[in-house]
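Protein sequence lines, in the order shown, are assigned to chains A and B.
The opening position of the first sequence corresponds to residue 1 in the working numbering, with each subsequent residue numbered one higher.
The opening position of the second sequence corresponds to residue 1 in the working numbering, with each subsequent residue numbered one higher.
Warning: the hint list may mix true and false statements.
[Stated by the list, open to error] What the simulated footprint calls covered on chain A by chain B, stretch by stretch (three residues with Cβ under 8 Å from a Cβ of chain B suffice, anywhere in the stretch; the number is not a length):
no., segment
1, 85–99
2, 115–123
3, 156–168
Derived from the structure by calculation, the hints contain no laboratory data.
Cβ atoms here follow ideal geometry from the backbone N, Cα and C, with glycine treated the same way.
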Amino acid sequence: MDVDYGEIMKTLIDLKNVTYTYDEMKVPALSDINLRILAHTWVAVVGVNGSGKSTLARLLNGLLTADSGDIIIDGMALTADSVWDIRKKVGIIFQNPDHQFVGATVEDDVAFGLENLGIPRDQMVELVNWALEQVNMLEFAHKAPQTLSGGQKQRVAIAGVIATRPQIIIMDESTSMLDPQGRQDIMKIMQYLQSELGITILSITHDMTEVIHADQVVVLKEGQIIQSGSVEQIFANPKELAKLGLNPPFTQQVQLELIKQGIDIDSKYLSEQEMVDELWQLYSKM
Amino acid sequence: MGKIIVGRYLPGNSLIHRLDPRAKFIATFIFVAIIFLANNWATYLALGLFVLWAVYLSKVSLTFFIKGVRPMLFLILFTVALQIFFTPGGNPFWQWGILSLSKLSIINGIFILLRFTLIIFISTLLTITTTPLQMSDAIEYLLRPLRKIHFPVDEVALMLSIALQFIPLLSDETTKIMNAQRARGVDFGEGNIIKQIKAIVPILIPLFVSSFNIAYDLSIAMEARGYNGSAGRTKYRQLHWQKPDTLVLTSFGLLTIILLILRSY
Ligand SMILES: Nc1ncnc2c1ncn2[C@@H]1O[C@H](COP(=O)(O)OP(=O)(O)OP(=O)(O)O)[C@@H](O)[C@H]1O
Ligand SMILES: [Mg+2]
Numbered sequence: 001m002d003v004d005y006g007e008i009m010k011t012l013i014d015l016k017n018v019t020y021t022y023d024e025m026k027v028p029a030l031s032d033i034n035l036r037i038l039a040h041t042w043v044a045v046v047g048v049n050g051s052g053k054s055t056l057a058r059l060l061n062g063l064l065t066a067d068s069g070d071i072i073i074d075g076m077a078l079t080a081d082s083v084w085d086i087r088k089k090v091g092i093i094f095q096n097p098d099h100q101f102v103g104a105t106v107e108d109d110v111a112f113g114l115e116n117l118g119i120p121r122d123q124m125v126e127l128v129n130w131a132l133e134q135v136n137m138l139e140f141a142h143k144a145p146q147t148l149s150g151g152q153k154q155r156v157a158i159a160g161v162i163a164t165r166p167q168i169i170i171m172d173e174s175t176s177m178l179d180p181q182g183r184q185d186i187m188k189i190m191q192y193l194q195s196e197l198g199i200t201i202l203s204i205t206h207d208m209t210e211v212i213h214a215d216q217v218v219v220l221k222e223g224q225i226i227q228s229g230s231v232e233q234i235f236a237n238p239k240e241l242a243k244l245g246l247n248p249p250f251t252q253q254v255q256l257e258l259i260k261q262g263i264d265i266d267s268k269y270l271s272e273q274e275m276v277d278e279l280w281q282l283y284s285k286m
Numbered sequence: 001m002g003k004i005i006v007g008r009y010l011p012g013n014s015l016i017h018r019l020d021p022r023a024k025f026i027a028t029f030i031f032v033a034i035i036f037l038a039n040n041w042a043t044y045l046a047l048g049l050f051v052l053w054a055v056y057l058s059k060v061s062l063t064f065f066i067k068g069v070r071p072m073l074f075l076i077l078f079t080v081a082l083q084i085f086f087t088p089g090g091n092p093f094w095q096w097g098i099l100s101l102s103k104l105s106i107i108n109g110i111f112i113l114l115r116f117t118l119i120i121f122i123s124t125l126l127t128i129t130t131t132p133l134q135m136s137d138a139i140e141y142l143l144r145p146l147r148k149i150h151f152p153v154d155e156v157a158l159m160l161s162i163a164l165q166f167i168p169l170l171s172d173e174t175t176k177i178m179n180a181q182r183a184r185g186v187d188f189g190e191g192n193i194i195k196q197i198k199a200i201v202p203i204l205i206p207l208f209v210s211s212f213n214i215a216y217d218l219s220i221a222m223e224a225r226g227y228n229g230s231a232g233r234t235k236y237r238q239l240h241w242q243k244p245d246t247l248v249l250t251s252f253g254l255l256t257i258i259l260l261i262l263r264s265y
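Between the sequences and the hints, there should be enough to build the whole structure, so can you do that?
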C-alpha cells in the first residue's frame, strides 16, 4: 500500500511553552503548555472549572495572544500578521447556542463567515447549501433562530464553521446546554466530520461518555497539562481522575475494574450493549 | 411572552408583500411629500382612492389600518381642533375671543384629518407588508451614498439586523428575570407609581448585565468567524428590483401629475 504516513501523522497543532495571564490576574490561566495534536484526530480536553480550557481554545485561534511561547497551526506560526489566516483554519463552536447566532436566518448565519472572507455570492450559495446538508439542516435554511431548538442552533453553528472549510474545529462545551438527543445528534455530526472530511476535533467537555470517543485526552489542572494520552491511559488511574471530579462512565468503571482483576476483557471502548455481550460471552466461556 | 413579533408585520404573499422593500420605502417617502400638493376635494379624493386601491392590493383587512390610526387619535383631533378654531379669515359664523368658526376653517380641519389618516394608512401599509429585516436591508441600501462621507453604513446595518434578531431573546430573558424576582417576593403591577417604578429596577439591572454578557459572547463568536470590519466583505442577502417595483414608482409619478393638474381647479 502506498500510504503517506508522513501526511497522516502530520502534527497539525503544536504548542511550545505557551503561557497566558489575564490582565490583573496574578496567576497565569495557562502556564508553560506543551501540546502536539495530530491531524484528523479527536482530542478531548478535560479539567475542572477554571482550569484553563476555554483559555486554551481562545489562544488557538488568536482570540487571545500568548504572553510567551509559540503556537504553530498547520506549520504556520500564529502572529498578529497570520491571525486571520489561522482563523480560516480553526473554527470554534461555543457553549451557548443563543449567543453565537449572527444572521437573521439560518442561511444568513451560515453565510456570515463566508461574507467575512469576501467569497463571491454564487459560491456562497453553493457552500451554504453544502454546509447545511452536512448537518441535516437544509430544510431549515429560511428559518429564524428563535424557531429552532438548542441542538438545531448548534448544528447551524457547525454549518457556519464548516462552510469556510477549516481543518480544525474546537468545541468549547458545545453540547453542555443541550438535551441528550441534541447531544447525540451533535456527536454524530462531529464524528462524521472527522471521518468523512478529515477535520481535526478538539472537544472541551465535562461529559465522560464523550471523552471515551477521543483519540487523545488532555487533562488540565490549574493551567497546566497534568496528563495527556489515550483514553485507556487516562482512565487507568480512575482514583486520580475522581479527585478532579472526572469519573469514567459506569460501563468503563466496571471494565477497568475487571481488567485490574486480571480478567480477559477487551480494553477498547465498549458501549453498554457491547459490555453486556462481552460479559455474558465471558460467563459462557468460564 | 415568548415569540414576539417586531414591528407589525403580517405575513402574506400579496403583490405589495412581494415588492422590493426599497420600492416601498421610496414610495412611502414620495407619498408623504406629494400629499402636501393636495389643496382641494378633488386632490384628496384622488389620494384617498389611490391609498384604498393599495390597501386592497395588499389583501390586508382594513381594520388593521384603522387600528393604526387609534394610538394617534388624540394628537390628530388636537391638531384638527387647533386648525378649526384658530384659523382666522373666511366669514366666521361664530366667534368668541380669538376662537372662531368658519366654513373655510372647518374644511381646512377636515383636510388635515384626511392628511393624517392617509399618511398613517400608507406607513402602516409599509410596516405591515415588510419584515423588519427587509426594512433594515432597504435602509442600508438607501443610505449607501453616505459611505462617501465615511458614514459606517454597513456597520450600522449589521448592528440593526443583530439588534432586531436579539429582541426575542432579550424578551425571554426579561421574563426569566421577572420570574426570578417574583420568586424572591417582588410584586409587579401593584402599589403606587413609585412602587411600580422601584419594581422595575431589579429587572433592568440584571437585564443590562445579561445583555452585556450576550454582546460579549457574540462579539467573540463574530471575531472567531473572521469578522474584521466591513472592508472586503461580500453580501449574501440580496434585494431584487423587478418590474412591479418600477411600475409602483411610475404610478406614484402619475399620481403626482394628477395632483398637479387637479390642484389648479
Ligand atoms: N476574561 C477573563 N478575565 C480575567 N480572568 C479570566 C477571564 N476568563 C477566565 N479567567 C480566569 O482564567 C482561569 C481559566 O479560565 P477558563 O475560562 O479558561 O477556564 P475553563 O477551564 O474554561 O473553565 P469552565 O469549565 O468554567 O469553562 C480562571 O481562573 C478564570 O477565572
Ligand atoms: Mg470554559
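Hint check:
1. Check on the segment 85–99 of chain A: 8 of its residues sit with their Cβ under 8 Å from a Cβ of chain B, so the three-residue criterion for coverage holds.
2. With a cut-off of 8 Å between beta carbons, the segment 115–123 of chain A has 7 residues touching chain B; three or more are needed, and the interface restraint holds.
3. Closer than 8 Å: that is the beta-carbon criterion, and the segment 156–168 of chain A has 3 residues meeting it against chain B, so the requirement of 3 holds.
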